[in-house]
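Since chain A is already given, all that's left is putting chain B on it; use the hints.
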Amino acid sequence: GAGVSQTPSNKVTEKGKYVELRCDPISGHTALYWYRQSLGQGPEFLIYFQGTGAADDSGLPNDRFFAVRPEGSVSTLKIQRTERGDSAVYLCASSPGPSYNEQFFGPGTRLTVL
Amino acid sequence: AQSVTQLGSHVSVSEGALVLLRCNYSSSVPPYLFWYVQYPNQGLQLLLKYTSAATLVKGINGFEAEFKKSETSFHLTKPSAHMSDAAEYFCAVRPASSASKIIFGSGTRLSIRP
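The listed protein sequences correspond, in order, to chains A and B. For the first sequence, our numbering gives the first residue as 1, with consecutive numbering after it. For the second sequence, our numbering gives the first residue as 1001, with consecutive numbering after it.
Note that these hints are calculated values from the structure, not bench results. A quick note: this is a predicted structure, and the numbers were derived from the prediction, not measured. Hints are supplied without guarantee of correctness; some may be wrong.
Stated by the list, open to error - Covered stretches of chain A, as calculated for chain B (at least 3 residues, CB under 8 Å):
1. 42 to 51
2. 94 to 103
3. 106 to 113
Built from N, CA and C at the ideal position, the CB exists for glycine as well.
Only chain A is shown next, with the shape it has when bound in the complex:
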């Protein structure tokens, strides 16, 4: 079956611009996670959705970052006033439910802020 998909695969933007990154989880998965992977580092947690609500947003670095999941399926990560330090690969993962022990990762969106 289809895995987690993320669009775009690559995004280049200028400092100060607004960007949206999209994640389509595996069908039927109620839990959705966003991570950020900077060059040479492991992924770092950003936010976790259970259904439509953000159950844990403790990893969002500041108020320029926001994510939504209005219908409990597709999620969008939004970054305002981008900075060069936001350049990273943004990973999305989903799982069938909150008690499931594994998360399934998408291929990521590589964001480059010039």
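Just chain B now, with coordinates in the frame of chain A:
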């Protein structure tokens, strides 16, 4: 709180030699433990996971890991390295009791010498 330490940011072995990638974890509650592999410009792929069943876990591509509670370790091994094993490997932890984020180590880059 949970944390992961991967000893050695870069490991190089000869083709056919033993692969040993070290991982130590810290967790105040029973953990789930994971090893992920990331090939260049690709997403994260689950190699294996420990979820409180057998302490010796076998994964894909001939890899295995042993959960040692007394040593708080979850080292990854493969008896005989293949050129195709060259990749970045991430150890990760999350609490078994909740649907929380995965905490990743900083990764170990595995190189295989012909």
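Please write out, lowest number first, the hints stated earlier that are contradicted by the structure.
Hints that this structure does not satisfy do not exist here, as all of them hold.
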